[in-house]
Amino acid sequence: MGEILEAVVAIFLGVGGMVLYFWGSNWVLDNFLADSVLPDGSVVKSKANQRESIRPWLFILPAIVLLTVYLLYPAVATLYFSFFDADSEAFVGIDNYEWAVGNDGFRTAVINNVAWIAIVPLLSTAFGLIIAVLADRVRWEAAAKSLIFMPMAISFVGASIIWRFVYALRGEGQPQIGVLNEIATSLGGSPISWVTKVPLNNFMLMIILIWIQTGFAMVVLSAALKSVPDETLEASKMDGANEFQIFFRIMIPQVANTIAVVITTILITTLKVFDIVLVMTNGQFDTEVLGNYMFFWMFRGGGETGKASVIALTIMVATLPFLYYNIRRFQREEKFR
Amino acid sequence: MSTIDQTTKATAGATTSASSFRIGKLLGWWGVRITLVLFCVVWTVPTFGLLISSLRDKDQLAVSGWWNSLIPTTTTGQGRTGTVADAIEEDGMYVIRGTIFQEGDNRNIDSFGLTAAGTSDFEAGADATTTDGYTFTLDSSGNYEMRSEEPFPEDFDRGQRVVFSAQTNPRFTLENYEEVLDAQGIGDAFINTVVVTIPATIIPIAIAAFASYAFAWMKFPLRIILLTMVVGMLVVPLQLSLIPVLKIYNSFNLRGTFPGLWIAHSAFGLPLAVFLLYNYLTTLPKDIIESAQIDGASHFDIFVRLILPLSVPALASFTIFQFLWVWNDLLVALVFLGASSGESVLTMAVRELNGSRGEDWHIMTAAAFVTMAVPLLVFFSLQRYFVRGLTAGSVKG
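Protein chains in written order, with the working numbering: chain Z, 995 to 1331; chain W, 4 to 400.
Certain hints may be false.
Claimed, not checked - Computed cross-link-like contacts, BS3-like style, restricted to lysine-lysine with a CA-CA straight-line distance of at most 25 Å:
#1 Z:LYS1231 to Z:LYS1220
#2 Z:LYS1329 to W:LYS61
#3 W:LYS289 to W:LYS222
#4 Z:LYS1039 to W:LYS222
#5 Z:LYS1041 to W:LYS222
#6 Z:LYS1329 to W:LYS222
Rather than coming from a laboratory, the hints here were simulated on the basis of the structure.
So here's chain Z without its partners, still in its complex pose (with noise of 0.2 Å):
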């Protein structure tokens, strides 16, 4: 009972918080640059163009102060520690990144990197994709929708579970309690190791990504194709096009730009993958990744910072071209504002 009232009590502090800021530092900003009224209510001096030159920053600032400290600022501090020792004390030079290259972890964690990146995003967009297309056909398209979309609610952790217990192996001869080795043996094979099994279980650990990803493409494809205007499709089906071709010649092509930004989407955070591979194997069995090999470094031994460091640049350089291309994109838009 204690611990629901500290809850409640800390949940009141934090929100309160808040708005006793931004409540407050206007109502500061108001009163202490007031205009000058006379008694009869007529302004002598309007300071109101003062007033709303300070008060964007009143509204920005908290954003701007927290963007800083836990984005910007550690953006170029990782940078700086990735030269220095584990307790970022000593200069080291290229030491760390001299250290990465020669690393067996660290190749095996950017091999399956790519390959995370190469599978995950292509084949949850694929499916993604068929599904929006077969759901549009058919009257219960909302239920099977929400069926297919359901696992971005769950935490990476949770699907790590669900998943696990798919995969749960039991010796041969004894029934199986997973899925996938009642199938497998009730095909006559025999029970499958399917997490420890190089290099499939790579595989079977991205399917987990696939499946909460799926659910996302899936939406946002499905939205997009509605908005394939109709006229277009009668016309094409008047000139003779057969289902197939008004697939790949008339809707892909009209929804191209939405499936490059979902892919970009789930590639993002595909690169940044962790909790899955930390639930499932922490990297043992040649499944390591940068998220998870980067935690592990952070904490090794009380911290290797300026390893860790490196890592995590590795994963942020990957990301280059798409804050480059979000920054272009943003750009173009605001110019026709």
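Using the hints, position chain W against chain Z.
Relative to chain Z, chain W alone:
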């Protein structure tokens, strides 16, 4: 010339495909439905299996697949009979009677045996002879009787070992949930998760709402540069922030505290929040803000009285987004709450259990489902807003 060619081609194409189109459509009608059902089944079965399993009796769960959860399971067990102290004399015979089961066990015994590997040596109710020459029988409800013509010797003080194979009727129970909530610390972790999630959802919304209003409708220097930075931060991986922020937290003793976690989550959620709300606010008509300004309202009044109520759909979308993100997060919690603080959120607790009790599926299934319950509830009741938030961020350009 070429126009005529194309026209004839098109007409020919139309006539040939018209017949094949109908067949394709007929096959397609079933094809579409069967494929879609298959996708739905594959996507649902893993979660469904976990849910069913979490409700099963833990002994049954360990020996049979959840798809068999409605048929009786076969389990084996063993026990010992009473000793010489329990023997009674009856009609000139010496008898030891009792039940082989622990209290509460209500299995149906199929067969039994008197050696370690002999669970199917004798049918239930049949007579067996022990190595000491006594007559032994065990009925299907677990009652045994051991008879001897001579008195049992004084050194018969450990009883007779009995192994058996039994059928258990399907049993569904909430015991697994009771165990994880109570004994495995999932209950405390649940409360912690709530304490972390609520402020970590509300704080960034408030901050982002004010900031995106300023970006959308106020004029100030650096506006475009700052906004572009926010957009860039959308894709910056979290991993890049962990080490420096952890160093700051360590020096200010913020590590392992809830406020530390709230602010970290708020900051990491901000770029998306500002971006989503900014996109929404710029779609509102300029006139309403300008006319309010002419009436003498300050930007603060306009924001609170006019814009906030209008922004409810966008705010709701982000709220769900951030709520699910924080609730489901493991990395930020692991790094900034830390295992050492003794407090853990649900994802941390489940990960911990996965390490120590990973093969005890009655614990893992129930624990995993507890972490999923709230997100699934939120998801199914507010799916509309969630989808809208997702598509707003992506279906552009």
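For the pair we were handed, Z:LYS1039 and W:LYS222, check the Cα-Cα distance against 25 Å.
At roughly 22 Å apart (the allowed maximum being 25 Å), W:LYS222 and Z:LYS1039 satisfy the hint.
Sort out whether W:LYS222 lies within 25 Å of Z:LYS1329, counting only the CA atoms.
Holds, at about 16 Å.
Tell me if the straight-line CA distance from Z:LYS1231 to Z:LYS1220 falls inside 25 Å.
17 Å, holds
For a C-alpha distance cap of 25 Å, please report whether Z:LYS1041 and W:LYS222 respect it.
17 Å, holds
Between Z:LYS1329 and W:LYS61, does the CA-CA distance stay at or below 25 Å?
62 Å, violated
Straight-line Cα separation of W:LYS289 and W:LYS222 no greater than 25 Å?
With a Cα-Cα distance of about 14 Å, the restraint between W:LYS289 and W:LYS222 holds, given a limit of 25 Å.
Violated hint: 2 only; the structure is consistent with all others.
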